[in-house]
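Engineer: Sequence order for the protein chains is X, L, C and W.
In terms of the numbering used here, the first sequence opens at residue 1 and continues consecutively.
In terms of the numbering used here, the second sequence opens at residue 1001 and continues consecutively.
In terms of the numbering used here, the third sequence opens at residue 2001 and continues consecutively.
In terms of the numbering used here, the fourth sequence opens at residue 3001 and continues consecutively.
What the hints contain is simulated information worked out from the structure, not anything from laboratory work.
A couple of the hints might just be wrong.
As the list claims (entries may be wrong) - Restricting the straight-line Cα-Cα distance to at most 27 Å, the calculated cross-link-like pairs of lysine-lysine (DSSO-like) are: (1) C/K2320 - L/K1320; (2) C/K2216 - L/K1325; (3) X/K289 - X/K136; (4) C/K2084 - C/K2111; (5) L/K1254 - W/K3022.
As the list claims (entries may be wrong) - Chain C residues, not near chain X, derived (Cβ > 12 Å throughout): (6) K2041; (7) K2101; (8) V2109; (9) K2139; (10) I2249; (11) V2292.
Stated by the list, open to error - If the Cβ cut is set under 7 Å, some of the chain X residues that face chain L in the computed set are: (12) Q14; (13) H230; (14) S232; (15) F233; (16) Y261; (17) Q265; (18) S266; (19) S267; (20) E269; (21) H300.
For glycine and all other residues, C-beta sits at the position ideal for the given N, C-alpha and C.
Protein chains: 4
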Amino acid sequence: MINVALLGFGRIGQMHAENINKNKDLRLLYVYEKVDRLCKKAKNLYNCKIETNYNKIFIDKNVDIIFISTPTNTHIKFIEEGMKSKKTIFCEKPLDLNIDKIIKTFKKVKKYRPKIQLGFNRRYDPGHFSIKRDLKSNKIGKLEKIIITSRDPSPPSVSYLKVSGGLFRDMMIHDFDLCRFYLEKDEISEVQAFSSSFEPMYKKINDHELAVVTMKSKKGVLCVITNSRHCSFGYDQRVELFGKKGMLISGNKKVNATELYNTNQSSSEKPFLNFFIERYSDAYKLQLKELVSLHKNKIHSRSTYEDGYIALKVANACYKSLKLKKTVKL
Amino acid sequence: MINVALLGFGRIGQMHAENINKNKDLRLLYVYEKVDRLCKKAKNLYNCKIETNYNKIFIDKNVDIIFISTPTNTHIKFIEEGMKSKKTIFCEKPLDLNIDKIIKTFKKVKKYRPKIQLGFNRRYDPGHFSIKRDLKSNKIGKLEKIIITSRDPSPPSVSYLKVSGGLFRDMMIHDFDLCRFYLEKDEISEVQAFSSSFEPMYKKINDHELAVVTMKSKKGVLCVITNSRHCSFGYDQRVELFGKKGMLISGNKKVNATELYNTNQSSSEKPFLNFFIERYSDAYKLQLKELVSLHKNKIHSRSTYEDGYIALKVANACYKSLKLKKTVKL
Amino acid sequence: MINVALLGFGRIGQMHAENINKNKDLRLLYVYEKVDRLCKKAKNLYNCKIETNYNKIFIDKNVDIIFISTPTNTHIKFIEEGMKSKKTIFCEKPLDLNIDKIIKTFKKVKKYRPKIQLGFNRRYDPGHFSIKRDLKSNKIGKLEKIIITSRDPSPPSVSYLKVSGGLFRDMMIHDFDLCRFYLEKDEISEVQAFSSSFEPMYKKINDHELAVVTMKSKKGVLCVITNSRHCSFGYDQRVELFGKKGMLISGNKKVNATELYNTNQSSSEKPFLNFFIERYSDAYKLQLKELVSLHKNKIHSRSTYEDGYIALKVANACYKSLKLKKTVKL
Amino acid sequence: MINVALLGFGRIGQMHAENINKNKDLRLLYVYEKVDRLCKKAKNLYNCKIETNYNKIFIDKNVDIIFISTPTNTHIKFIEEGMKSKKTIFCEKPLDLNIDKIIKTFKKVKKYRPKIQLGFNRRYDPGHFSIKRDLKSNKIGKLEKIIITSRDPSPPSVSYLKVSGGLFRDMMIHDFDLCRFYLEKDEISEVQAFSSSFEPMYKKINDHELAVVTMKSKKGVLCVITNSRHCSFGYDQRVELFGKKGMLISGNKKVNATELYNTNQSSSEKPFLNFFIERYSDAYKLQLKELVSLHKNKIHSRSTYEDGYIALKVANACYKSLKLKKTVKL
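Chain X with its partners taken away, still in its complex shape (with noise of 0.2 Å):
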């Protein structure tokens, strides 16, 4: 048995919980929690250990995987007590909103080479998976054009706003890291961003209600993100692969595969899964297999530290785009 000790058991730490205990190779031997309520919870529960002093659980001989969901501002540090302590990591995007902080733990990560897997869910969904599968195996040729449309179906808190970093350092990160993904070897080289907001809120908290990010990569592949905070009819996920010889697409997934017609229209219900819980269910729990694999050395990480480097970095140089009303060249 694998022992887990999970730092952080807010909205997405009880997601990662519960997936931990679902799995049989997996313990939940630690919650790392500040919140009474939520330490609670997480006790009631998983019948675990609350600790609310980290040290204790990293110095635990016992403890084999570290499960970082914490605040974003505390991820880099938990990432350096995980190296020092030798255990295999996994940790939430972003790494962390200051780059500087990223790089000088980048250094010692080259170095030390920790087992991390970076929790950029989308690698791991069978959908956007099997286009990638397909793009490889030369289903489409040469790969010319990546278009992926990202929509949260309602934005989170204001107070989540003000501390996320932006859209780009949030939530578009997702889409520069899944460009990434079917661009492998080659890199992105040039960002074009633009952005709106209809909702004054976001003016007054300097963050953007939509973007829209178009970027050119080393070999000449033209990638299109766009993103909205909110969408009437759901969780809009879709990637769209161009090639010379053919295009994929990894499409939305509906609750029901039911249609109704009537006089005027036919139609289904509830166009699409609600949100990222529901949508990438079957992704977290591929992640987390794989996360038990490269415990046990048997794999490379599908998502490493580098990746959450770069995806930073892309996400800053779209707000110097955005700002300078330039293209940005990485």
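Since the structure of chain X is already known, use the hints to place chains L, C and W on it.
Structural biologist: Here is chains L, C and W on its own, set in the frame of chain X:
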């Protein structure tokens, strides 16, 4: 230029006139019609000769093609006249409601071998035909089942229904023929029928609102046909061919490829094309094109007198099955 | 915690064990199984008691629910035992192949009113159930037709087929029940059947490869069921409800929402989920959840002993229709 | 009868001739064309007057409509002639490649207010127009994003490409105009462009194989256009409108509603209609119908000279953005 005499300028006759007029190989020379108002309409639209004595049409050497869309009980008479005067003949379905009349004339047809095309328009539909081509090129292996759904958007007038010959001879006759189109040399050998009526009117006139017929061919292919005299969501026309190695579907055609997504649903407006004139508009054009080729001796007829005869035999077997509550052999 | 004794650890029993094990309200206390290899497997996976004498299970006061997935001819015996010892009972379909045995026990069932849930899994499928809910909320008006397509990806072994009771009692029994699920108080009153076999094996064992059954309810609803023992493109499961004001479809579920477009075609890989364990995985979970509620007296059973009895009566009527080549009244 | 003089009998001119010939309100009186072979073809097909001196056409009082489908650099000249002789004018896009010429003539257009229809065929497409109607009837609330995909099945000849004005002026000009069609009073205010070429030929002739343009309107609507000069799976034409309350899509039209299911996949043949003549055949007919109404003073033009002017301004801004690697203001 090939000269056409159109007999009957009712709803379907008017559609044929329009198609004849648009076809570059054809000239609409005569319209034979007894209703004054319709004669004027024909004259106005096509500036053709209006004739109320059909004999003059059949003896006119300039007439190449006789187009029969008069009431059903006159079809056989005009086919006989057409044969005598060696015209190329198009005749609307059904041939007649009296099988004995059909058999009697069939002997002459076999002897004189006129060029006849029956109005089984679905044989000419690009979608329905494309799955036949795929079936023949072995895309689904050996044919095992044919499933046809055919629903009219709304019933014709009661006065029409009373003289129509009933649902099996008037409406489902198209589907019997379409099954035979896919079965080719294999023939229908056994028939079972069920019907149902929810609107009281149908029982009064001794007709049926809905019907399901199952048939078995000599080689064991199962055929299922479901018909309805009403369909709130349009003209529902679907064919499914199930084979040893796969399935082919020829589905409904939509007006536009547009979709609306909102909070409650994803939907398409006006699901299907409204009725046969719109749904089978391409079929009618291809049918006419083949009539020209038939006239020029370039091809054999795709829908023969014999096809019209056998489809009526199957319809009659359905009535027998309904009455006797038995499987009826053909 | 509710304790479950699972009788029978074959293919379907193993799936039930897995679901019982994952359900937080249930504990798998016993597995009753005669095959040694399977007993070991059960012990290994679930660390439960293995019992080869079923009497010990029924007298154990700790057992709350009896889960019957043994061979068909033992179902009635175990239901009787369960009734006597006042257990909550789940029983796989069909109840038995001998209608007289079923009727005899039905009298006791009516008297002692045990909590019984029959394994008609499709009643619990979210898609099939969602169109029933829409039907009841009048989205398509008065129900007029039910059309069910059900095709297995490939036939079971010949040895299984020989004792299965035949296509109508073993396979189409699900579809008879599903029609009744939508018909509610209305009952099936007449039946017609056709069958066909292309593989010679089916005739040797006196079974059928394909079948089409049409039925009429007391109120005049027409039902069409088509079954096939093989289906090259997967487990084909579709339900269509046609009503006065519209149509509802519960279609096939796809593995992924991915598409490939190339020079020749647009396509989706692996069209459907492979077989009942995958296709109806949600249904099995919901069925189990309802069994818990039934045990706690919170609900009535969605699939009763009577449902199991009538479905077999319909299956028997189909055999009679086939043999006599007649419409058979129920 | 309204008399038409068609200037230019190339590929697109021939299509217009065919549509003019089929329109019952119009007569093709003249064809002006310099290539001998094409003059003979026009004469043969339509038995119209062939004229190589365009002056004779403009002074002929019988000519009502001038249809300009000559090479781009002659458009402005013929518009000027048409204005002088008070003809109703249809002109193919683009107006010209030289913006100064366009501006100069624009002054006269504003003064003399001729009846002009620009050949922006997509504005007349039933699908693209139907989502505009839905947008205006508030089906998706306030418009926030427009996403257009437009890919040609294969590039035109190199000789054509050399004089075409380049991808932005020749091809994407349709999409700039289509954005403006949905934006209505709101105008495009900022532009960013990226392009890429994989075939070496494009760099040689200083053109682009693929391009992505993002634009922002004065009110903050984000527009994304992706173009490709090749598309292995046909003529890919999609429009997506994203609004506060929903999304509208006008998708690709398929040849047939047929599907094949087999062991590996479900598929549709020949995904899309091949090219603009087939895809926009209904649009061309509706455009011509509106030209007749415009001539009769019944409506205002749906696609004006000004629309042609602004679309070219946007195209020019794209070149500037590409060159300067900056966001360009309009």
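Engineer: Give a verdict on every hint.
Structural biologist: Against the structure, the hints come out as follows:
The straight-line distance between the Cα atoms of C/K2320 and L/K1320 is roughly 20 Å, inside the 27 Å bound, and the hint therefore holds. Using a Cα cut-off of 27 Å, the hinted pair C/K2216 and L/K1325 holds, with the two alpha carbons roughly 12 Å apart. A hinted pair counts as satisfied when its Cα atoms are at most 27 Å apart, and X/K289 with X/K136 qualifies at roughly 23 Å. Under the criterion of a C-alpha separation no larger than 27 Å, the hint pairing C/K2084 with C/K2111 is consistent with the structure, at around 12 Å.
Taking the CA atoms of L/K1254 and W/K3022, the gap is near 25 Å; set against the 27 Å cutoff, the hint holds. Its beta-carbon lying about 16 Å from the closest one in chain X, C/K2041 satisfies the requirement of being farther than 12 Å from that chain. In this structure C/K2101 is separated from chain X by more than 12 Å, as the shortest Cβ-Cβ distance comes to about 38 Å. Listed as outside the interface, C/V2109 is consistent with that label: its C-beta sits roughly 34 Å from the nearest C-beta of chain X, beyond the 12 Å cut-off.
Residue-level check failed: C/K2139 sits 6 Å from the nearest beta carbon of chain X, not beyond 12 Å. Not every beta carbon of chain X lies more than 12 Å from that of C/I2249, the smallest distance being close to 5 Å; the non-interface claim is violated. With a cut of 12 Å on Cβ distances, C/V2292 stays outside the contact zone with chain X, its closest approach being about 19 Å. For the restraint placing X/Q14 at the interface with chain L, the shortest Cβ-Cβ distance is roughly 27 Å, beyond the 7 Å limit, so the hint is violated.
Taking 7 Å as the C-beta cut-off, the interface hint given for X/H230 is violated, the closest approach to chain L being about 11 Å. Using the Cβ-Cβ criterion of 7 Å, the hint placing X/S232 at the interface with chain L is satisfied: the shortest such distance is roughly 5 Å. Hint status for X/F233 relative to chain L: holds, with the closest Cβ pair at about 4 Å, below 7 Å. Interface restraint check for X/Y261: the shortest CB-CB distance to chain L comes to about 4 Å, inside 7 Å, so the restraint holds.
Proximity of X/Q265 to chain L holds as hinted, the smallest CB-CB distance being about 4 Å (cut-off 7 Å). A cut of 7 Å between beta carbons decides the hint on X/S266: the least distance to chain L is about 4 Å, and the hint holds. Satisfaction of the interface hint for X/S267 is found here, the shortest Cβ-Cβ separation to chain L being roughly 4 Å, below the 7 Å cut-off. Interface hint at X/E269: satisfied, since its Cβ lies 5 Å from the closest Cβ of chain L, which is below the 7 Å cut-off.
The closest approach between the C-beta of X/H300 and any C-beta of chain L is roughly 39 Å, which is over the 7 Å cut-off, so the hint fails.
In terms of the numbered hints stated before, the structure departs from hints 9, 10, 12, 13, 21, listed from lowest to highest.
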